[in-house]
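K.L.:
As they're listed, the protein sequences go chains X and A. Per the working numbering: the first sequence = residues 172 to 423. Per the working numbering: the second sequence = residues 23 to 282.
Hints listed in this document are in silico derivations from the structure and should not be mistaken for laboratory results. Treat the hints with care, since some could be wrong.
[Said to hold, decoys possible] Calculated pairs, DSS-like style, for lysine-lysine (alpha carbon to alpha carbon, straight line, at most 25 Å): (1) A:K169 - A:K252; (2) X:K325 - X:K226; (3) X:K207 - A:K130; (4) X:K325 - X:K225; (5) X:K226 - A:K169; (6) A:K217 - X:K405; (7) X:K256 - A:K245; (8) X:K225 - A:K167; (9) X:K232 - A:K87; (10) X:K256 - A:K252; (11) X:K256 - A:K258; (12) A:K130 - X:K256; (13) X:K226 - A:K245; (14) X:K325 - X:K207; (15) A:K167 - A:K245; (16) X:K232 - A:K245; (17) X:K329 - X:K405; (18) A:K245 - A:K169; (19) A:K252 - A:K167; (20) A:K167 - A:K83; (21) A:K245 - X:K225; (22) A:K169 - X:K256; (23) A:K169 - X:K225; (24) A:K167 - X:K226.
Computed from a prediction, not measured in an experiment: that's the story for all the values here.
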Amino acid sequence: MKKNKIVLTTSLIFTLLLIPRTVYAMHIAEGFLPMKWAGFWTVLAVPFLIISVKKVNNILKDENPGIKMLLALAGAFIFVLSSLKLPSLTGSCSHATGIGLGAILFGPWPMVLLGTIVLIFQAILLAHGGITTLGANLFAMAVVGSFVAHFMFKLSRKVGTPVWFSVFLAASLSDFFTYITTAGQLAAAFPESSGFMAALFKFLSVFAFTQLPLAIVEGLLTVLVFNIIQEYSKNELDELSIISRRKRHELS
Amino acid sequence: MIDIDQYAYNNNFSSFHPLEKSFFALFTILITLTANSFMTSIIVIAVISLMLITAAGIPFKFYLKLLFIPLSFLIIASITAVVSFSRELNNYFFYFELGGWFFGLESKSLNTAVLLFLKSFASICCLYFLTLTTPVLEIISVLRKFKLPEIVIELMMLIYRFIFVLLDTADLIRTSQLSRLGYSSIKKSFFSIAKLISNLFIRAYYRAQGLLTALVARGYDGKIRVLERKYSFSYKNIMIIILFETFLIIISIFGGGNFV
Numbered sequence: 172m173k174k175n176k177i178v179l180t181t182s183l184i185f186t187l188l189l190i191p192r193t194v195y196a197m198h199i200a201e202g203f204l205p206m207k208w209a210g211f212w213t214v215l216a217v218p219f220l221i222i223s224v225k226k227v228n229n230i231l232k233d234e235n236p237g238i239k240m241l242l243a244l245a246g247a248f249i250f251v252l253s254s255l256k257l258p259s260l261t262g263s264c265s266h267a268t269g270i271g272l273g274a275i276l277f278g279p280w281p282m283v284l285l286g287t288i289v290l291i292f293q294a295i296l297l298a299h300g301g302i303t304t305l306g307a308n309l310f311a312m313a314v315v316g317s318f319v320a321h322f323m324f325k326l327s328r329k330v331g332t333p334v335w336f337s338v339f340l341a342a343s344l345s346d347f348f349t350y351i352t353t354a355g356q357l358a359a360a361f362p363e364s365s366g367f368m369a370a371l372f373k374f375l376s377v378f379a380f381t382q383l384p385l386a387i388v389e390g391l392l393t394v395l396v397f398n399i400i401q402e403y404s405k406n407e408l409d410e411l412s413i414i415s416r417r418k419r420h421e422l423s
Numbered sequence: 023m024i025d026i027d028q029y030a031y032n033n034n035f036s037s038f039h040p041l042e043k044s045f046f047a048l049f050t051i052l053i054t055l056t057a058n059s060f061m062t063s064i065i066v067i068a069v070i071s072l073m074l075i076t077a078a079g080i081p082f083k084f085y086l087k088l089l090f091i092p093l094s095f096l097i098i099a100s101i102t103a104v105v106s107f108s109r110e111l112n113n114y115f116f117y118f119e120l121g122g123w124f125f126g127l128e129s130k131s132l133n134t135a136v137l138l139f140l141k142s143f144a145s146i147c148c149l150y151f152l153t154l155t156t157p158v159l160e161i162i163s164v165l166r167k168f169k170l171p172e173i174v175i176e177l178m179m180l181i182y183r184f185i186f187v188l189l190d191t192a193d194l195i196r197t198s199q200l201s202r203l204g205y206s207s208i209k210k211s212f213f214s215i216a217k218l219i220s221n222l223f224i225r226a227y228y229r230a231q232g233l234l235t236a237l238v239a240r241g242y243d244g245k246i247r248v249l250e251r252k253y254s255f256s257y258k259n260i261m262i263i264i265l266f267e268t269f270l271i272i273i274s275i276f277g278g279g280n281f282v
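The task is simple: from the sequences and hints, build the whole structure.
P.N.:
And the structure:
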């Protein structure tokens with residue numbers, strides 16, 4: 172019994188040491204997925220990217236080409252947002268994804284393209300994520316993340332919840348579903364002997380320590396940011412609805 | 023400000039053709055991932071790291087620091103991938119008990135975990151080879167050669183430029199907030215960072231407007247045309263790359279590769 176306790180404490184200490192000081196949203200590292208799964212997720216993500224490029228091209232054609240600058244700055248804004256250190260509840264410093272805020276401000280389709288470019292730059296400049304796993308990360312963050320944020324925001328506005336609560340739901344659930352999708356991707360690639368569901372349970376529980384607090388922090392923060400933007404820059408929000416195709420009353 | 027970017031412009035390989043470097047990095051990743059062998063992964067890690075430190079002139083300490091970034095994800099994820107749990111005690115060589123369940127590692131699965139880790143680590147080294155020796159603009163020019171849609175290329179170029187502008191702004195705001203004790207408690211940090219982000223958003227917005235005005239004043243028609251630097255292929259480099267990749271393939275075939 173005593174020996175068991177020692178083993179348990181040492182393994183607990185070991186786990187605590189392993190919990191990273193800096194928490195990013197779950198980027199699957201370069202080369203971690205086997206070739207066939209990397210290919211599978213890329214094939215799944217590419218159609219979304221193609222539609223996104225088409226939609227962005229349409230926006231540029233319909234409106235003025237100046238929207239391009241705005242889109243580019245939006246992309247850079249999301250990259251910088253994801254590189255800022257957030258205050259954290261657990262002692263490790265965490266980083267937001269910015270996908271939720273982006274999807275609310277700029278709409279889900281432009282966010283797929285912007286999110287892709289941000290992910291490429293995170294791999295190249297910050298060494299988070301990778302090239303072969305770009306498809307998987309792209310699907311979990313840019314596709315699932317933006318659409319969950321968009322639909323949650325729309326749905327809860329329709330139900331009639333206040334804007335701040337809709338923003339909170341959109342941002343934190345976007346992070347939450349990204350976490351679930353990534354865990355699913357890892358479980359599908361490594362079911363090992365115990366099968367997909369057991370593997371999913373393992374990955375979900377291991378990454379819950381870092382990802383659940385992150386989702387809540389990002390949700391709270393997005394509310395604060397959105398409130399300030401709404402208070403001081405109503406006109407700009409109105410103009411952004413050109414990109415996001417959002418109705419004006421949804422945002423106020 | 024971003025260290026990787028700085029070294030990408032300042033290394034001994036920066037004059038080589040970006041296509042050579044991208045091909046080298048990507049093909050090596052491809053072989054490492056398909057070969058699925060200990061030997062190949064270790065050779066790739068050793069060769070690439072040596073090349074970066076001795077030939078390309080990347081400081082060892084900085085390279086080591088970079089390798090630590092993905093380490094925690096790699097260790098956690100590769101162990102999680104192979105841990106098995108059950109009600110009864112299997113032939114685990116290491117285990118612990120939690121609420122009536124046994125979590126443990128079999129020696130066979132430890133093998134899998136190490137291989138998973140090494141493979142991923144080797145491909146990360148290859149990725150670092152590309153990013154530490156090739157500036158972003160050159161990587162974008164390679165993407166342009168592969169006929170990506172024009173809008174993607176253009177947005178990438180603009181975003182790359184704006185990242186530094188916005189990072190600079192964020193840094194300034196953060197410094198001034200720090201000097202006013204803006205991050206002295208959790209609650210204050212929340213409000214400070216929210217103000218920082220919203221201010222950054224507004225500034226980004228006005229920057230976009232200002233930039234557009236400046237461009238239109240200079241005859242902007244929706245396209246930004248830039249000159250690309252000319253690089254020439256070097257037969258010596260191409261020979262080295264082909265030799266290394268063939269060597270790697272042969273090693274993988276005869277050195278216990280499983281090929282998945």
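K.L.:
Going back to the hint list, which numbers does this structure go against?
P.N.:
7, 9, 10, 11, 12, 14, 20, 22
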